[in-house]
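Given next are the chains, with one letter for each unit.
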Amino acid sequence: MTAINLNESSVRELNEKLQSGSSGDKFVVNNTVGKHALSVGLTKKVNVEINGHVGYYCAGMNQEASIKINGNAGPGLAENMMSGEVRVTGNASQYAAATGHGGLLVIEGDASSRCGISMKGVDIVVGGNIGHMSAFMAQSGTLVVCGDTGDALGDSIYETKIYVRGKVKSLGADCVEKEMKKEHKEELTKLLEMAQMNYSADEFRRYGSARKLYNFDIDQVDDY
Amino acid sequence: MAQHVNYIILISTKSMTIKEKRFMSKDNPTLIESATFPRHVIAEIQRAAKTGIYDIRGFGAKREIPTFDDLVFLGASTSRYPLEGYREKCTTEVTLGGRFAKNPIHLKTPITIAGMSFGSLSAQAKESLGRGATIAGTSTTTGDGGMTPEERGHSKTLVYQYLPSRYGMNPDDLRRADAIEIVLGQGAKPGGGGMLLGQKISPRVAQMRDLPEGIDQRSACRHPDWTGPDDLEIKIQELREITNWEKPIYVKVGATRVFYDVTLAVKAGADVVVVDGMQGGTAATQDVFIEHVGIPTLPAVRMAVEALQEMDMHRKVQLVVSGGIRSGADVAKALALGADAVAIGTAALIALGDQSPEFDEDYKAIGSAAGFWDDYQQGNDPAGITTQDPELAKRLDPILGGRRLANYINVLTLELQTLARACGKSHVHNLEPEDMVALTMEAAAMAGVPLAGTSWIPGKNGV
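So the protein sequences, as listed, match chains A and B.
Offset between the first sequence (1-based) and my numbering: plus 1023.
Offset between the second sequence (1-based) and my numbering: plus 254.
None of these hints come from the bench; they were simulated from the model.
Source: prediction; values computed, not measured.
Keep in mind that the hints are not guaranteed to be accurate.
Said to hold, decoys possible - Only pairs whose alpha carbons sit at most 30 Å apart, straight line, appear in this in silico BS3-like list of lysine-lysine: (1) A/Lys1067 <-> A/Lys1091; (2) B/Lys356 <-> A/Lys1068; (3) A/Lys1040 <-> B/Lys521; (4) B/Lys316 <-> A/Lys1058.
The task is simple: from the sequences and hints, build the whole structure.
Put into structure tokens, the structure is as follows:
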């Protein structure tokens, strides 16, 4: 276990240490005080525990690493993550897991607007509520919301699957409720277990694309 | 009846405005075409009424605008000392990105290849660009959709575009690149996203972009995880942290509010700023966007240089200019106005073989003609360059294409050196605005150089 105190080390020194770690290495990071770009660009199966709130882009572009943030996260948490697992015990600001290609992001608290924007394969599980325009132009992967959603959920969505346990304030363009089949309940149950969320898949509804906007049609122009 | 009227162009010089052009019947001189509703406008109204959708096409602005053609050099004579062609050295090397990056880029020539996507271009075309740029000693650039192995493998120096859509965005590719270009906009459509039409979403393109095959694929108009220049500064920090502060970070903007955009990009920490004028091309977007948004490259260069000079960052943060660069004269004039390098896109594709009369019959078959850049944005490019059709793509031999591109870049470089030597410069970066005058008032005002035969720069000193 290596402890890194950000009162004494710079962000550059922190990321150099984490990026050069070997698989199985464990790190603890203290005194974050909302600093940006912490624990970004990791490529190996290291374990990182961050104590305190973090600023923009924490765990950005993560590959393989497991990163846990004991606090709240600023905008762009785990943006474009490729694999591994990122967990925040508090809330996350805007654009969490934006354009994420893979791996699992767990937000135990609430997520702000545009959570999962343009997501491309990442799985996101939010324990609380999420803000407006979440999963905007979401391409693939899964967004699970254990609480309520804001306006325009899944606007212009492609092939991402969305599961919501609470209320949906409104759906965005081309996003519709879909039948919850056996395979969806199985997939959701597995994700909830991985995220350590103690809910039954039976409590959720499924949303996805109506696929009406995939090719431009002048008669659909009012939907945009 | 219109179909029986044999129109001829009576007045059509480049200096005339569209309103002064008149198209009359040879047989009936009283028939005068409307300046407000000329035939191409009537045709567009009829097309819009028939289809219900705006016109989409590739390429950049087609309208007449002030260009580098409106400037001329003042060659050396009594008061200046020229250099001997082919004998006295006039160097062209350029270094980009030394402000913060550990590994700046060194190029033999200041003529680079602009970002163009795999998806909009075939894999063979991307490979050709890499081959040609490498032979000529310059860089090429990826585009929306990510980096292909063909492109990386054949490009000695490759700039990786970081775009709003993040299609194919992969941190391994960031680390494989030689520089990173954050794209905020492009000259053909500043403020607009892109649209790769479904006909070009082949299985490979779909897989790279993580989208279903055959759908119209929207490229976002703004980045998904920041808003504004303060956030951009943090994004640049993140990219540097991920790449060990090795790669130069470029910021590319479409030319609009150039002075402020360049200022903000520099304040955000860019190593290099790329400014793309309205003549810059695109794979496909709305014609109304291409023709009516953004400003020409000519004033954009001056505005960018003024911004850099005001911050004392000229030559410290490099300026790359693109949009309508065609000749060594264009390059020399951009450099004389203060750019460090230029980027070519459309001209590079022509060098590969696009718009070739060799494919006349095929252009006719799709209702187009060589040189008109229209009606093949769906991917049916007869030259096999802007396509994903495997049969059409075979028409371009990447080795031959690369050789043609290298030849073309070498010609531009020779032309650039010729003009620089004539002005007495031993490095092309020693060219300066004082080496030029303008042939029109518009160009004088936009470029900030005197109208030929006068000392008058319209707009300078309140006159």
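Okay, the hints, checked on the actual structure:
1. A/Lys1067 <-> A/Lys1091: Holds - the C-alpha atoms of A/Lys1091 and A/Lys1067 are around 15 Å apart, at most 30 Å.
2. B/Lys356 <-> A/Lys1068: holds (27 Å)
3. A/Lys1040 <-> B/Lys521: holds (28 Å)
4. B/Lys316 <-> A/Lys1058: Violated. B/Lys316 to A/Lys1058 sits at ~48 Å, over the 30 Å cutoff.
Comparing the model with each numbered hint stated earlier shows that hint 4 is the single one that does not hold.
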